[in-house]
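Take a look at the letters that make up each chain.
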Amino acid sequence: MIRLEQHGPILEILIDRPERRNALTDAMYRDIEQALRAADADVGCAAVILSGAGGHFTAGNDLAEFQMPQSTQDVGSIAFLHTLASVNVPVIAAVQGQAVGVGVTLLAHCDFVYADRSAVFRLPFVSLGLCPEGASSYLLPRLAGARRAARWLLQAQPFDADEALAGQLLSEITDDPLAAARACAQALAAQPIQAVRASKTLLRAPERDTIHQVLDTEAQAFFERLKSAEAQAAFRQFFARKSA
Amino acid sequence: MIRLEQHGPILEILIDRPERRNALTDAMYRDIEQALRAADADVGCAAVILSGAGGHFTAGNDLAEFQMPQSTQDVGSIAFLHTLASVNVPVIAAVQGQAVGVGVTLLAHCDFVYADRSAVFRLPFVSLGLCPEGASSYLLPRLAGARRAARWLLQAQPFDADEALAGQLLSEITDDPLAAARACAQALAAQPIQAVRASKTLLRAPERDTIHQVLDTEAQAFFERLKSAEAQAAFRQFFARKSA
Amino acid sequence: MIRLEQHGPILEILIDRPERRNALTDAMYRDIEQALRAADADVGCAAVILSGAGGHFTAGNDLAEFQMPQSTQDVGSIAFLHTLASVNVPVIAAVQGQAVGVGVTLLAHCDFVYADRSAVFRLPFVSLGLCPEGASSYLLPRLAGARRAARWLLQAQPFDADEALAGQLLSEITDDPLAAARACAQALAAQPIQAVRASKTLLRAPERDTIHQVLDTEAQAFFERLKSAEAQAAFRQFFARKSA
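Residue numbers (this note's numbering), protein chains in the order written: chain A, 35 to 278; chain B, 35 to 278; chain C, 35 to 278.
No lab work stands behind these hints: they were computed from the structure. Among these hints, one or two may not hold up.
The list treats identical chains as one, so a pair stands whether inside a single copy or across any two.
In silico lysine to any residue, SDA-like type, Cα no more than 25 Å apart, as pairs [to be verified]:
id, residue 1, residue 2
1, K261, T208
2, K261, A221
3, K261, Q247
4, K261, A223
5, K276, A224
6, K261, G131
7, K261, N122
8, K276, D210
9, K261, A239
10, K276, A221
11, K261, Q189
12, K261, A75
13, K261, V77
14, K276, R55
15, K261, G78
16, K261, R238
17, K276, R51
18, K261, V109
19, K261, F273
Only chain A is shown next, with the shape it has when bound in the complex:
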């Protein structure tokens, strides 16, 4: 459900589970993580592109997997996010349609994000009785400003591409996000590659430790919340609605 294509110095990672709007399972996180690690270890890799199949980016974490509270150890999503926050190879995202939950929070870790006007972003954590993850409690106020972060995370308001651009979640709105991501990757590949990586390393250095800490703090709070009566009620309602 994760497809990899190498085009010269550029790695493309495609989330390919369109029948579930590319909802992410533990195994899928691990496949993406492994691909990111390999790209980062390959000194000839100029950029990684992440996109979704079938007109959507990703509906976020597969909710079926959320019903089994577990420890933060050995959870694919969290390992993936730690790796995404660690790589020095530039990561570019191309977004169409639904981007939900971790499908939004992972964008804050990318270097360039292109979306078209079909994109809709949602962070429904509180509505599910949960709390922010993916270091979004730290990154979104800094990227989008405290007022937008409050609307997105505390009120759980969905937002469109214009609002995402105003909040710096996007680099640009474009008719063909994947084409824009590829052009960006090629432009990066035309630069001295190690200079680009050294520059990304410096850009990220001042907050990498904080981000790793926040990922763990949030994960602990998140798994606490998963066991809460509020979350259990919200999940029962969600699956009841779905099967109705």
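Using the hints provided, position chains B and C relative to the given structure of chain A.
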């Protein structure tokens, strides 16, 4: 001069001293602080709304009280700001007319701020020979950007609702700020309340320690400045103008 | 090549090497640094204005000097940047024409920056096989947002005054930047001067230590990059093009 109204899970705090444009005295800070503490301790409280009576938010600290330099210990305004920076219950402000000094800096600690076009914001600290307070030296550059913070704090330029919105001091400009604040509070009350609080806790966690430290550092500098010849001259001029 | 003019409480520093678009040599950095230190030590100095002669701000570091890799100790540019990040006297920049490399990164340390529409900004570090300097890896994402910082630093895209204003590198776009800088300086001089300095001190305090550390971390990476095959190749190409 502080009126409290509980509407179900929502607490409304009204600054009610319209004959002095809601200028805040030590006793008034303490009343607001106590109400905030009680709301935060009440796990059923979904949101607190803060507004001013008579068409103004607040003219800021009562200047008559500024003339008596005192220690930072046991000062109502500073205790209030520490509490405002500590509560996990969401705080919503509704602003009309004058918002001056601490009437602006406290807004940076709120989660949602609604204002109408009558709102005028002023941070006249340097003009009074003083320096920023309320952690504004830390929060305003991060909220509004360094350039706006320099205009607001170093040049002491007044600004209107549009500039405040552009600088993320406001969530929204609306014809009826109190109605907007109430709608926001009701929307929050419709979410799982503990999930909202846990989310606010995470959003604030990365900088709470810094904010408490900055509040104290600023307070020390502020009370030093109060004793300065520059401040004494500015205050004499202010009260001479007033009694003329 | 650095001209100083004192006008009452205001010091004007003019970079005056128009035949090289005001490219900065080690000696020029040292002259500016010394002037800044003197202004900061003069408690009667209300503001410093920095501008360039002949229709350009500065083409940045003189590239001829970049060809001799050296230690980070005793480098004029780095000592200058540490001092610029340390002074409590307000610094105002007036920008026309080319602002390149350190000519952009130094602006992030200024309190007010005025530019006209002739201004073009470039951070060509990666294109030269280098990496960010001047604490730009820390300051630009915070000033301009992560998406703009990625375009400016990772893609090395030139940008105009509108983009610089949107990214808070500028305070204002104006027809006469030097006149605007002088008006700003006079407005500051009309305020209680020590209150202004105390306010700038508070505004900078939360990140001064970080900025000094980042300056050193970047400088170390920068001089490593200068010795790299990528940088040597880029420089050969640059000078070949120039002499062709």
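These are the hints, each one checked on the structure:
Proximity of K261 to T208 under the C-alpha cut-off of 25 Å is found in neither arrangement, the shortest distances being 41 Å within a copy and 39 Å between copies. Taking the shortest alpha-carbon separations for K261 and A221, only the inter-copy value of 24 Å comes in at or below 25 Å, while the best intra-copy value is 46 Å. In this assembly of identical chains, K261 and Q247 lie within 25 Å of each other by CA distance solely inside one copy; the values are 22 Å within and 35 Å between copies. In this assembly of identical chains, K261 and A223 lie within 25 Å of each other by CA distance solely across copies; the values are 21 Å between and 46 Å within a copy.
Proximity of K276 and A224 under a CA criterion of 25 Å is satisfied inter-copy only: 21 Å between copies versus 48 Å inside one chain copy. Within a single copy, K261 and G131 get their C-alpha atoms no closer than 31 Å, and across copies no closer than 46 Å, so neither meets the 25 Å cut-off. Taking the shortest Cα distances, K261 and N122 sit within 25 Å of each other only across copies (21 Å), while inside one copy they are farther apart (36 Å). When the C-alpha separation of K276 and D210 is checked against a cutoff of 25 Å, the pair qualifies neither within a copy, at 32 Å, nor between copies, at 38 Å.
Taking CA atoms no more than 25 Å apart as the test, K261 paired with A239 passes between copies only; the shortest distance there is 22 Å, against 35 Å inside one copy. Taking the shortest Cα distances, K276 and A221 sit within 25 Å of each other only across copies (24 Å), while inside one copy they are farther apart (44 Å). For the identical chains of this complex, K261 and Q189 are intra-copy neighbours only, at 21 Å inside a copy versus 45 Å across copies, given an alpha-carbon limit of 25 Å. Taking identical chains as interchangeable, the C-alpha atoms of K261 and A75 lie at most 25 Å apart only when they sit on different chains, with a minimum of 23 Å there against 38 Å within one chain.
Taking the closest pair of Cα atoms, K261 and V77 come within 25 Å of each other only across two copies (18 Å); inside a single copy the shortest separation is 43 Å, beyond that limit. Taking identical chains as interchangeable, the C-alpha atoms of K276 and R55 lie at most 25 Å apart only when both belong to the same chain, with a minimum of 15 Å there against 54 Å between chains. In the homo-oligomer, the alpha carbons of K261 and G78 lie at most 25 Å apart only across protomers (19 Å), although the nearest pairing inside one protomer, at 45 Å, exceeds that limit. Within a single copy, K261 and R238 get their C-alpha atoms only as close as 34 Å, which misses the 25 Å cut-off; across copies the closest is 23 Å, which meets it.
Proximity of K276 to R51 under the C-alpha cut-off of 25 Å is restricted to the intra-copy arrangement: shortest distance 19 Å within a copy versus 53 Å between copies. For the identical chains of this complex, K261 and V109 are intra-copy neighbours only, at 16 Å inside a copy versus 42 Å across copies, given an alpha-carbon limit of 25 Å. When the C-alpha separation of K261 and F273 is checked against a cutoff of 25 Å, the pair qualifies only within one copy, where the shortest distance is 16 Å, while the shortest distance between copies is 60 Å.
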